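Go by the hints and put chain B onto chain A.
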Amino acid sequence: MIQWNADLARRLQCRDEEKKDLGPYIARLMDLDRKARGEGFLSLESELPAIDDPLLEVGVRLVMEGVSGEALEEILATYLLIEARSGWPFLKACVAIEGLLALAESDDPALMARKLLPYFGADRALAALEELEKGSANGSAR
Amino acid sequence: MIRAIADAAGDSLDISKVSRQKKDALFELAARIALLSEQYRASHAAIARAAAAEKRKALKAGLDLLTVGVSRDSLESGFSASVPRPRADAGAELEWMLVRSGICGIAAEEHYSILMRRMTAFLGVEYYGKAELWLLEKVKRRKTRSESLVVPGELPDVIRILAMDKRNLERALHASGRDIATAALAGCPQESMDLARPLYGKIGAAALEDDAARLRSRLSGDEIAQAQATFLEVVRSLEERGEFRLGEEDELSADPEFVAALTKAILGLDSSLIKGAFRSAQGVLVATAMQGMQPAAHDRILETLSKKEIKRILDAIDDSDPLPRRALQGAGKELASRLFEAAAAAKAPRAALERLAAVRDWED
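From first to last, the protein sequence lines are chains A and B. Sequential numbering of the first sequence, starting at 1180, is according to my numbering. Sequential numbering of the second sequence, starting at 153, is according to my numbering.
Bound-form chain A, shown alone (with noise of 0.2 angstroms):
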């Protein structure tokens, strides 16, 4: 669900080329969404060494234990509050938290992306979902 805050919003602005770094970010999240849809959810335990930031890799974990909804997004929501981020590192963090959402709902790679893409901000998000789409058409299934 969007619900904007105006404090939110500025702690989540960051440089243009941080925002590079968005997609193959949300390409690598919609991997996982594939993984746990293609072998199961306790299959993520395999990548969970590749993952190098701990706010995501704690979220697959919770995800693998079943927690959902409500509680997932209030437990991660209190890691990142602790944390104190701004800039990339929290946008980052708020699209980690809203694909760990998606991922435990169990939605297909298409929605994730659809829910996480408005993070590139309205100008941006259009060229990123066509890039995404390229990629899923040339099979890039990473």
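To be clear, the hints were calculated from the coordinates, so they are not data collected in a lab. Misleading hints may appear alongside valid ones.
[What the hints assert, rightly or not] The calculated lysine-lysine pairs, modelled on BS3-like cross-linking and capped at a C-alpha distance of 27 angstroms, are:
#, chain 1, residue 1, chain 2, residue 2
1, B, 354, A, 1214
2, B, 318, A, 1214
3, A, 1214, A, 1271
4, B, 463, B, 427
5, B, 295, B, 354
6, B, 499, B, 463
7, A, 1271, B, 282
8, B, 212, B, 175
9, B, 416, B, 463
10, B, 485, B, 459
11, A, 1198, A, 1294
12, B, 499, B, 485
13, A, 1271, B, 169
14, A, 1214, A, 1199
15, A, 1214, B, 485
[Stated by the list, open to error] In silico contact screen, one side only, chain B against chain A (beta carbon under 10 angstroms); selected entries:
#, residue
16, 157
17, 165
18, 270
19, 271
20, 273
21, 278
22, 282
23, 325
24, 330
25, 352
All figures in this text were calculated on a predicted structure; none of them were measured in a lab. All residues carry an ideal CB built from backbone N, CA and C; glycine is no exception.
The following block gives chain B in isolation, referenced to the frame of chain A:
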């Protein structure tokens, strides 16, 4: 923006000023609150005793609120009014937030594992592993309950069919949400829970089973039936979206070629192999697989088993409903796979192994 992040924005907290020693003490406090939540779920009276004995101011105030029956909606504001947030001391403020979260979780009768995760999140990701170990230890000491309340309906059969491909059952459970899935499973036989449990880790499986057992005594039959109807609606919706395909109604028998191949594979096996494999197999699996064999294979299997084993299998067959082709052949393939392993270990003739492998690898 995610709602919980927006809600928590005014609650920002800098825990870098809190010492490791204080955080360790708060971890122990969280563990104590998690145990209290378990007691509260069993009997609300336990909280009054705990409140009377509690020395920590914030926790005592929260337990007092629970004792006098403050509603869940008013608990957070009631707690803030009873114990002002100590903003000047980072350690005390962290304790205040952790206790508030714990008290709200107790009032909501959350499972101790979720509550422990919720509270230890205030200590940072470095405490995740410590909480994991604490929870695993708690799960290990847990007494399992196997009572079941079966609400009449098609859900147990649907779960059995979905479980033939664990991804389907997993997707349905996740898509319906934990509350609906747990309430729906509360009205199913233990077999349905046994199929769902392996899809979660040890902690998640324990939480699912505990919550279903709790709902069994809390919800009415109508409420459970409503949850089951919602779950089935989710399954239908996933099927319509092409997420998975359940068997067609006109496919309530196995492919004749599959039946012939499975029958031949069974007839070509040594009695001791059949005896060993079928004795260790679940009755439901055998009963389902036997619907995909010719009578000659039934006779061959039953003649190797004791009277007690025969009764177990025949009872399971009596209890089983007609299943779609995919479910029947899935069970036959699973059984062939187990027989193949046993036959390979016993160095059975190559032809027997090849027949079993052909069934195991059958393309539906």
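Hints versus structure:
Between residue 354 (chain B) and residue 1214 (chain A) the alpha-carbon distance is near 21 angstroms, which keeps this suggested pair within the 27 angstroms criterion. Among the hinted pairs, residue 318 (chain B) with residue 1214 (chain A) is consistent with the structure: their alpha-carbon atoms are about 14 angstroms apart, no more than 27 angstroms. Using a Cα cut-off of 27 angstroms, the hinted pair residue 1214 (chain A) and residue 1271 (chain A) holds, with the two alpha carbons roughly 21 angstroms apart. Using a Cα cut-off of 27 angstroms, the hinted pair residue 463 (chain B) and residue 427 (chain B) holds, with the two alpha carbons roughly 14 angstroms apart.
Distance hint between residue 295 (chain B) and residue 354 (chain B) is fulfilled; the C-alpha atoms sit about 14 angstroms from each other, no more than 27 angstroms. Of the pairs offered as hints, the one joining residue 499 (chain B) and residue 463 (chain B) is violated, with about 30 angstroms between alpha carbons and a cut-off of 27 angstroms exceeded. Between residue 1271 (chain A) and residue 282 (chain B) the alpha-carbon distance is near 26 angstroms, which keeps this suggested pair within the 27 angstroms criterion. For the given pair, residue 212 (chain B) sits about 19 angstroms from residue 175 (chain B) by alpha-carbon distance, which is consistent with the 27 angstroms threshold.
At most 27 angstroms may separate the alpha-carbon atoms for a hinted pair to count; residue 416 (chain B) and residue 463 (chain B) meet this at roughly 24 angstroms. Between residue 485 (chain B) and residue 459 (chain B), the direct Cα distance comes to roughly 26 angstroms. Compliance with the 27 angstroms bound is thereby established for this hinted pair. Restraint check: the Cα-Cα separation between residue 1198 (chain A) and residue 1294 (chain A) comes to about 16 angstroms, which is no more than 27 angstroms; the hinted pair holds. In summary, the hint linking residue 499 (chain B) to residue 485 (chain B) is supported, as the alpha carbons are separated by about 20 angstroms, within the 27 angstroms threshold.
Straight-line distance between C-alpha atoms of residue 1271 (chain A) and residue 169 (chain B) comes to about 25 angstroms, which keeps the hinted pair within the 27 angstroms bound. Between residue 1214 (chain A) and residue 1199 (chain A) the CA atoms are separated by roughly 24 angstroms; this keeps the pair inside 27 angstroms, and the hint holds. Restraint check: the Cα-Cα separation between residue 1214 (chain A) and residue 485 (chain B) comes to about 24 angstroms, which is no more than 27 angstroms; the hinted pair holds. Look at residue 157 (chain B): its Cβ gets to within about 5 angstroms of chain A, closer than 10 angstroms, so that hint holds up.
Hint status for residue 165 (chain B): holds, given a least beta-carbon distance of 5 angstroms to chain A, under 10 angstroms. Look at residue 270 (chain B): its Cβ gets to within about 5 angstroms of chain A, closer than 10 angstroms, so that hint holds up. Interface hint status for residue 271 (chain B): upheld, as the beta-carbon distance to the closest one in chain A is roughly 9 angstroms, under 10 angstroms. A distance limit of 10 angstroms between C-beta atoms decides the matter here; for residue 273 (chain B) the minimum to chain A is near 4 angstroms, and the interface restraint holds.
Because the beta carbon of residue 278 (chain B) sits about 8 angstroms from the nearest beta carbon in chain A, less than 10 angstroms, this interface hint is met. The closest approach between the C-beta of residue 282 (chain B) and any C-beta of chain A is roughly 12 angstroms, which is over the 10 angstroms cut-off, so the hint fails. Contact between residue 325 (chain B) and chain A, as hinted, is supported at the beta carbon level, the nearest pair being about 8 angstroms apart and thus within 10 angstroms. Satisfaction of the interface hint for residue 330 (chain B) is found here, the shortest Cβ-Cβ separation to chain A being roughly 5 angstroms, below the 10 angstroms cut-off.
Interface hint at residue 352 (chain B): satisfied, since its Cβ lies 4 angstroms from the closest Cβ of chain A, which is below the 10 angstroms cut-off.
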